[in-house]
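There are 2 protein chains.
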Amino acid sequence: MIYLDNGATSYPKPPNVLSSSVNALKNYSFNSGRGGYSASVQTAERIYSVREKVGNMFHFEPQNVAFTLNCTMALNMAIKGSVKKGDHIIISSLEHNAVWRVVNHLRNTGTASFDIADFSFNEEETVRNFERLIKPNTSLIVCMAASNVFGVAFPIKRLGEMAKKHGIRFIVDAAQAAGIIPIDSEECNIDILCAPGHKCLFGNMGTGFLAVKNDVYLDTIIDGGTGSESVNPNQPDFLPDRLEAGTLNNSGILSLGAGIDFIHSKGIDNIYNHELKITDYLYNGLSQNGNVVLYCPKPEKYKSAPIISFNFKDYSSEKTAALLAERNIAVRSGLHCAPLAHNFFKTIDRGTVRLCPSVFTGVKDCEIFLNRLKKM
Amino acid sequence: MIYLDNGATSYPKPPNVLSSSVNALKNYSFNSGRGGYSASVQTAERIYSVREKVGNMFHFEPQNVAFTLNCTMALNMAIKGSVKKGDHIIISSLEHNAVWRVVNHLRNTGTASFDIADFSFNEEETVRNFERLIKPNTSLIVCMAASNVFGVAFPIKRLGEMAKKHGIRFIVDAAQAAGIIPIDSEECNIDILCAPGHKCLFGNMGTGFLAVKNDVYLDTIIDGGTGSESVNPNQPDFLPDRLEAGTLNNSGILSLGAGIDFIHSKGIDNIYNHELKITDYLYNGLSQNGNVVLYCPKPEKYKSAPIISFNFKDYSSEKTAALLAERNIAVRSGLHCAPLAHNFFKTIDRGTVRLCPSVFTGVKDCEIFLNRLKKM
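These protein sequences, in sequence, are chains W and Z.
Mapping to the numbering used here: the first sequence position 81 is 81, numbers consecutive.
Mapping to the numbering used here: the second sequence position 188 is 188, numbers consecutive.
Think of the hints as simulated: they come from the structure by calculation, not from any bench.
These numbers come from a predicted model, not from an experiment.
Hints should not be assumed to be uniformly reliable.
Identical copies look the same in the list; a pair holds intra-copy or inter-copy alike.
Below, simulated SDA-like cross-link-like pairs (lysine to any residue); rule was C-alpha separation at most 25 Å, straight line [claimed, not checked]:
#1 K313 / D269
#2 K84 / T111
#3 K26 / K266
#4 K213 / K375
#5 K313 / P182
Working from the sequences, and respecting the hints, build out all of it.
Here it is in structure tokens:
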């Protein structure tokens with residue numbers, strides 16, 4: 001199988017991720033922070049070491065990194081935990097349903113209203129598009145680092161500066177960027193960063209996190225046992241306990257730590273460069289295929305995540321993906337849970353076929369894919 | 001290590017759980033329900049087979065089984081998704097913080113009020129204690145199947161009948177029962193069952209589920225991409241998609257399936273009988289130790305989960321657990337995230353030391369534990 005669906009989850013995982021998972025299943029599957037026996041204490045230390053790795057990578061305090069089931073859960077906790085009745089939110093025109101459905105839910109329940117700021121290939125214009133939507137009650141800006149459909153990146157640093165100037169909390173969905181495009185939350189004035197552990201960070205499925213700045217206080221959407229302040233009828237105020245109720249996915253979290261180790265061993269910049277080289281190759285090949293429609297410029301460093309969307313002949317994106325699947329090529333088709341992005345790029349009727357290589361994708365894979373597509 | 005903390009998470013896991021996890025990490029770590037390529041389709045089939053296993057075990061439709069990070073997340077989704085403004089909830093006097101903190105949050109936000117019904121060793125009295133708290137606006141009864149601290153079981157079937165008679169939704173937290181005490185949701189009139197995957201069901205940490213009856217509609221607390229109805233600004237109405245936003249913990253879910261296979265291979269009744277034999281042995285041994293205080297009668301079939309709480313000399317429960325940890329015995333001390341239960345049994349000041357054996361605990365382990373305790 002030639003796997004070009006790393007935007008859904010990365011495959012394969014680096015070898016150290018599997019070995020770390022197995023080690024965790026055998027030796028660190030105890031309830032951390034609840035037991036005083038050495039297996040529990042050692043488990044807690046290992047889990048903490050992953051908080052440090054995530055914290056170091058994105059510039060957060062380790063204890064401010066809270067682990068979740070996935071990025072969606074993290075975004076729900078970040079967004080719903082941030083707003084109070086009457087607040088106004090601004091999101092981008094390319095957001096995933098993990099953001100759009102959340103703000104719709106807040107609107108449906110009469111909690112908050114929202115507006116959508118258009119993406120532009122001109123960074124300053126994108127920032128202006130957000131800024132002009134600010135109202136006196138705007139309390140939150142939520143923006144993805146890069147589109148999961150079209151790859152285009154948002155000017156996170158500029159948006160963060162603008163949000164800070166207006167005293168507005170800034171949440172970034174780094175689902176398709178964390179592990180490829182370097183993100184420094186201090187530099188970018190990010191108040192809360194949400195990311196999956198199983199995409200470009202190479203952890204197992206079932207992992208995600210939100211990382212928050214010291215002065216960010218969140219209401220909780222999940223309450224429960226934390227092994228701390230047990231007589232307190234409310235979630236503790238301190239992190240990560242406040243945001244981590246119930247038992248964690250230990251082996252998943254330790255696999256995420258191994259994924260981050262792998263990224264450091266390769267160098268995040270080398271990974272990004274490799275994937276851009278691959279998307280460059282794919283993009284050129286697709287451009288030469290007269291039956292292909294492309295929607296965005298070629299992915300470029302810091303302007304895009306290594307993701308390409310296209311369509312083929314007059315086929316539905318599903319048909320193209322099915323024909324590719326028959327040819328042992330794994331891609332995703334349809335709306336990729338991001339109808340806003342398809343509305344924006346006028347692909348809502350067909351959806352798109354999405355190509356997401358990883359550091360393990362070679363030029364040879366691209367050749368095979370392009371040849372098989374050519375013969376379709 | 002003699003591990004008597006299976007109430008936190010079961011250890012060891014059966015061998016087929018580890019092999020199934022590794023197999024899933026290698027072969028079924030694709031995004032199910034999103035891709036049309038064969039690896040994704042096969043993954044979806046495997047995930048569905050675990051819905052069937054859970055559904056069969058507790059008598060739910062497979063598609064009505066939604067997987068979560070843990071039981072706490074499931075309880076939050078079940079409880080918060082059930083209530084509307086002005087509702088009244090009844091919970092038991094032994095509930096875990098995964099329920100108590102949830103209803104407190106609902107009270108704090110002015111959404112719902114709640115009352116606490118006292119447990120009684122007399123089943124009819126327990127039911128009466130719940131029934132007499134019913135008000136015109138009572139919409140929900142939430143009760144654990146068995147106490148995570150003292151092991152005592154609730155008369156779930158009688159409570160379910162009573163709830164049904166009054167047209168009140170009935171949620172059961174089966175955290176310490178699922179996999180040991182047989183639960184038939186039809187027979188017990190359970191509308192929503194919540195359970196962890198990693199305790200008596202032997203799956204990995206990072207797994208849990210809620211299973212709902214066909215006529216149960218829940219508001220969502222987590223919204224996001226489902227790979228279905230992507231243009232819908234709200235979560236789809238159908239299950240499991242409505243309750244499963246974002247990427248699932250595939251290897252965890254498949255490990256849970258393997259855990260259920262293991263239970264069937266042993267026989268749930270044989271497992272329960274074995275664990276009762278072990279708690280019987282432990283209870284008798286503790287009773288003969290003049291320095292031990294016990295709080296409940298000896299665990300008995302269908303009256304208790306195999307859990308014993310005790311204290312030793314005038315030591316804090318933490319001190320006893322620490323001394324046992326030095327002697328390579330793993331137990332948990334303190335409040336076990338269930339202050340209500342400690343208030344009820346008057347152990348709130350000291351907490352308790354908790355013993356939870358599993359099917360893998362032998363009489364020899366008990367002997368060693370009892371001897372080491374005797375010498376302390």
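Alpha-carbon proximity between K84 and T111, which holds within one copy, between copies, both or neither at 25 Å: both (7 Å within a copy, 14 Å between copies)
Within, between, both or neither: K313, D269 at alpha-carbon 25 Å: Neither: 36 Å inside a chain and 60 Å across chains, both beyond 25 Å.
Status of K375 relative to K213 across identical chains (alpha carbons, at most 25 Å): neither (52 Å within a copy, 49 Å between copies)
Identical-chain pair category, K313 with P182, by Cα at 25 Å: Classified as neither: same-chain Cα gap 36 Å, cross-chain 56 Å, threshold 25 Å.
Alpha-carbon proximity context of K26 and K266, limit 25 Å: So K26 and K266 pass the 25 Å test across copies only (22 Å; inside, 27 Å).
Violated hints, listed in ascending order, are 1, 4 and 5; each of the other numbered hints is respected by the structure.
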